[in-house]
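Engineer: Next come the chains, spelled out residue by residue.
Protein chains: 2
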Amino acid sequence: MNTQIKLAKRPVGMPDASTWRIEKNPIPTVGEGEFLVKVEYISLDPAMRGWMNDARSYIPPVQIDDVMRAGCVGQVEESNHPGFQKGDFVYGLGGVQQYVATNGKGWHKIDPRIAPLPVFLGTLGMPGFTAYFGLLNHGMPKAGETVLVSGAAGAVGSIVGQIAKIKGCRVIGIAGGPEKCKYLVEELGFDGAIDYKNEDVKAAVKRLCPNRIDVYFDNVGGEILDIALAQINMHGRIVICGAISQYNNTTAIKGPSNYLSLLVNRARMEGIVVFDNVKNYGTAAQEMGGWIKEGKLKSKEDVYEGIENFYETFQRLFSGKKLGKLVLKVSE
Amino acid sequence: MNTQIKLAKRPVGMPDASTWRIEKNPIPTVGEGEFLVKVEYISLDPAMRGWMNDARSYIPPVQIDDVMRAGCVGQVEESNHPGFQKGDFVYGLGGVQQYVATNGKGWHKIDPRIAPLPVFLGTLGMPGFTAYFGLLNHGMPKAGETVLVSGAAGAVGSIVGQIAKIKGCRVIGIAGGPEKCKYLVEELGFDGAIDYKNEDVKAAVKRLCPNRIDVYFDNVGGEILDIALAQINMHGRIVICGAISQYNNTTAIKGPSNYLSLLVNRARMEGIVVFDNVKNYGTAAQEMGGWIKEGKLKSKEDVYEGIENFYETFQRLFSGKKLGKLVLKVSE
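Top to bottom, those sequences are chains U and P.
Numbering-wise (my numbering), the first sequence opens with residue 3 and increments by one.
Numbering-wise (my numbering), the second sequence opens with residue 3 and increments by one.
Isolated chain U (complex conformation):
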């Protein structure tokens, strides 16, 4: 059987257990030009919260009664598709389920000899590519500049910070709790870390970024975006990647009151969506794979097990009870 997690209703604010329902259905049959993937791991990303809203966005919303959308890696079990063979390892937006039949659109092969499968959901997957293209093409960091990143211990933030270090920047990360901050500095080589749960973030940013901020990579929005705006440098670049602090709001999103700092400092704030770079994913994977081999880029996955634990695992995205890329093993 194929266990599936389907969207039962649109959440208002934080999703709860009744937002999804679990179903067991027959394993799909494979049509002409299709292949069947046995899903091994699914990716849990803050962006999934946005996909649940019935609003115009960069991707259509998940429909009620549809399988919840998620990135996944798995292995081809059966194929009527000329481009994919039984045994191939693949990545695609297969959804929160154990089996998926697809015509291959949006899927690509991955090589498990390069890295363990969960890494293809993190550093060598959507979050890693988000960090790579967002930072390099939009943040445009130059050696010697100061880069501040929020959600710094997360799947995107941790890669942003490490790539900025590779590019010769001073890198400060903002994360929740002493364990994550220690990880940033001691394991990932950040120049400093700010524990937003226990520190005065504004004072810490001023202290750790004495030359102000040249690039701010924002994953959180809210007050922290305002603090970064106030400290942005002349011609600074703010990359809007996400706003996890605002995703479960039941009231209006908090707009950045300090946005006129963009004017004072001739600075820029720009939004990014990783899907725009799909034709360059290969380049990114190759360069990041090289950095991983050289030990310059470290990857951390926080892997939980059991598709029936999807809701509990999803909650960790917003409670912060995880370290690195959040992944759920759904195969049995």
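The reader is advised that the hints may include incorrect statements.
Each pair may be met inside one copy or between any two copies, as identical chains are not told apart.
Straight-line C-alpha distance at most 27 Å; calculated DSSO-like pairs for lysine-lysine [said to hold, decoys possible]: (1) Lys11 x Lys300; (2) Lys144 x Lys199; (3) Lys184 x Lys256; (4) Lys107 x Lys144; (5) Lys8 x Lys111; (6) Lys208 x Lys26; (7) Lys8 x Lys40; (8) Lys11 x Lys199; (9) Lys144 x Lys256; (10) Lys184 x Lys8; (11) Lys11 x Lys167; (12) Lys281 x Lys144; (13) Lys11 x Lys256; (14) Lys295 x Lys167.
FYI, nobody ran anything at the bench for these hints, they're computed from the structure.
With the hints as your guide, set chain P onto chain U.
Structural biologist: Chain P in isolation, oriented as in the chain U frame:
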């Protein structure tokens, strides 16, 4: 004697009559390397409100007891400066006064045969250059795109809209009152105008920008910025030139709640300051002078008289009781 308007105290919210004081002092003597300007006209700009705050900005604040900063045009009466001769017409940040002695830093000559003196405070001055560089270098309008501009009947906005028309764009302006809206469409050739004082701006923007907004040139901030953000197109550009709706706030500035539309639409919001383009003012003046000659660019100045009426004239910036570039004749 030299009548001067000096900053008496820092305003909280909207300045009032007690914010400035009027003084009569002797006409300054001209030192070595200096020249004396008899000021003819001063410029009244919304930016002056920002210059009065004791805050980090793109220019130091006006100090208490200093002459109020303002752009001005006048004629050299006496010169010990090799670059300026008696009789030359000049532009500079001379301040709200009838005479100023200067070493020439930041001053340049203007040619009154090209246009009447007040035009050098508007279309061929700071507001015109703001429009020119802000729109062309940061808005980057392409023929066929939709450009929305707020404060559209003002000194900057009216030039932004006309340059966008010259570049082949569909141009919609937002202004206050039917007279200004009529002026935009009938005299300046805008494709549409929205009267924010009497219309539902959101509905009007949706109606008049059916292909959404490619470039939004923002002079006002507040709710209108949020409406524009919601309607921004893929890869749209928002130029933050000012935020007149927020300048006299006594509470926090309203941040744009819809800023995540930047992410959804991979759009950009960027701040500009005209002074960054000082070395290219000549190029702009030449091109805009050409457009004026060809009848493609219309200039409108709203000229009041008497330095003693500075405060009443300044108020018009925020009450909207003016049409075009607000100028005060201070010579007698």
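Engineer: Hint by hint, work out which the structure violates, then give me just those numbers in ascending order.
Structural biologist: 1, 2, 3, 4, 6, 8, 9, 10 and 11
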